[in-house]
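Trainee: Assemble the complex: chain A is given as a structure, and chain B must be docked to it using the hints.
Respectively, the protein sequence lines represent chains A and B.
Quick note: the first sequence, position 217, residue 217 per this note's numbering, numbers continuous.
Quick note: the second sequence, position 7, residue 7 per this note's numbering, numbers continuous.
Don't take each hint at face value.
Short derived list, chain B residues pointing at chain A, Cβ under 8 Å [as the list claims (entries may be wrong)]:
no.	residue
1	Gln-16
2	Ser-19
3	Phe-102
4	Gly-106
5	Phe-109
6	Thr-140
7	Thr-143
8	Arg-147
9	Glu-171
10	Asn-215
11	Ala-216
12	Arg-220
Once the Cα atoms are required to be at most 30 Å apart in a straight line, the calculated DSBU-like pairs of lysine-lysine come out as [unchecked claim]:
no.	chain 1	residue 1	chain 2	residue 2
13	A	Lys-126	B	Lys-77
14	B	Lys-188	A	Lys-134
15	B	Lys-235	A	Lys-134
16	B	Lys-218	A	Lys-14
17	A	Lys-3	A	Lys-75
18	A	Lys-179	A	Lys-128
19	B	Lys-193	A	Lys-134
20	B	Lys-218	A	Lys-134
21	A	Lys-179	A	Lys-134
22	B	Lys-77	A	Lys-64
23	A	Lys-126	B	Lys-218
No wet-lab data here; the hints were simulated from the structure.
All C-beta atoms in this analysis are idealised placements derived from N, C-alpha and C, irrespective of residue type, glycine included.
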Amino acid sequence: MLKLTQLSVIYPDKTRAVDSIDLTIHDGETVALIGANGAGKTSLLLALVGVVASHGTIEVDELKLEPHTVGEIRKRIGVVFQNPDNQLFMPSIYEDVAFGLRNYGMAEEEIEGTVDRCLDQLDIMKLKHRSPLKLSGGEKRMAAIAGVLVMEPSLMLFDEPTAFLDPKARRNLIQSLQKLKPTKLIATHDLPFVAEVCSRAILLKDGKIFADGDPHTMLYDKKLMEECGIEAAVRPMEEN
Amino acid sequence: MVDVRSKIHEIYTLEQLSSGRSVIHDLHPSVKILATFFYIVLVLSFDRHTFFALTPFIFYPVLLMSLSDTPYAMILKRVALALPFSLFAGLSNVFFDQATMFTISGLNFSYGFVSLIVLLFRTFLCVAAVLILVAVTPFTQITAQMRRMHIPDLLVTLFEMTYRYLGSLAEETSVMIIAYKLRHNSDKGIELKDMGSFVGQLLLKSIDRAEHVYNAMKCRGYGRYDRKRRKRSLKFNDYLFLLLAIGFPLFFRFIDLNLLFQPWIMKVTLC
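Next comes chain A alone, as it looks inside the complex (with noise of 0.2 Å):
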């Protein structure tokens, strides 16, 4: 469970990206964070794994981010960037998967076996020797997402996960993530997604949580998500 208590961040220029922010999210959710461009979603994301100096309390299963719990938290938060690029830095996709797993000390006679667990689930065996610089969007993407999961974080966070992605690749995605089990906590403005993925939706202004709630009833409300300078979605029925 993640908990959240009065978080603020606030960059050295004095901006509040994220501004008193109180949340809850139970185990086994998926959450959208919806928000226009500089609403705050990344810094809060960042925020999490104390990447981003915040102030108040962060909270995850009972554990607070405190300076000396930062290595436990990012054990149990595990974090999807926007661009998998910054993600994917080892010379093979197996290194860099194995590359968490590594620094939190597991044998090397281990790693091996849960790495190809991971990449099994995620249907990418076959990238396990390959370059990532010789990789296809959708393929980063999921050898990102692999190198995350595979240290079993409780709670997943994802920036904007289908950005640089095609149709097919964007599907795959989707289907991927319903099987994930871990709660996941996804920034996003691709709002087609938020309604077949999420199970709850918050959408942020200005670093506030401006609403909270069931994303197929919120996504569509044009007042709403026009007052938060996102654009509606429009319901699969009216697209006909």
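Mentor: The following block gives chain B in isolation, referenced to the frame of chain A:
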């Protein structure tokens, strides 16, 4: 532009071999690092005019490559990239040190020429030894071992970051060159007048990118090295390798093969 990416890809291809399986791959990383270090020190300890005594040292890279199934061409191609630097460094010796060292079939070989050949040979041996180490030891194990050897953390981190950012830098450079060429009415590359802003932007973008990469690394536990990692103890094979890798070069360092070749050289010279 794509060339920048493929060159970087070539460097990483060598590292990909490190996940292979062989008797050399299975050795403890500290043993491989020590053996390589010792080998390089011995190779560099020879006098700049000593060639024949150095020749047995070729066996170390050749044996390691064959035992680890490392493709010879892959190593030779990369070593060849380093040789021009030594060639330029040693070329001046040929002109300034023209005294005859020995003669074969009427051909005079000057001290300068011999020192150039020795310099090239030593470069070949040292670079090959380092490349083989990279090809048989995962990069993470090399840096972890460096930390255990109490090499300052700052230096090891710098080494790691530089190596990892090479890919990002190449990617950034490649994209920027493409964007430049598409809006430039020539195929000659970047003009000198645009070079300043190009390099400046590249630097700023690289810093930005580097920060993102670093954040991603931290999110997956980077910086927790060695606190929890299980240490592997040395096995019989490790001791045996270390004994051979240090023993043989030491033997050849102090048994001067010049002495064995001397009568033959004298004979050729007299002819």
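Trainee: If you check each hint against the structure, which ones fail?
Mentor: 3, 4, 5, 7, 8, 15, 19 and 22
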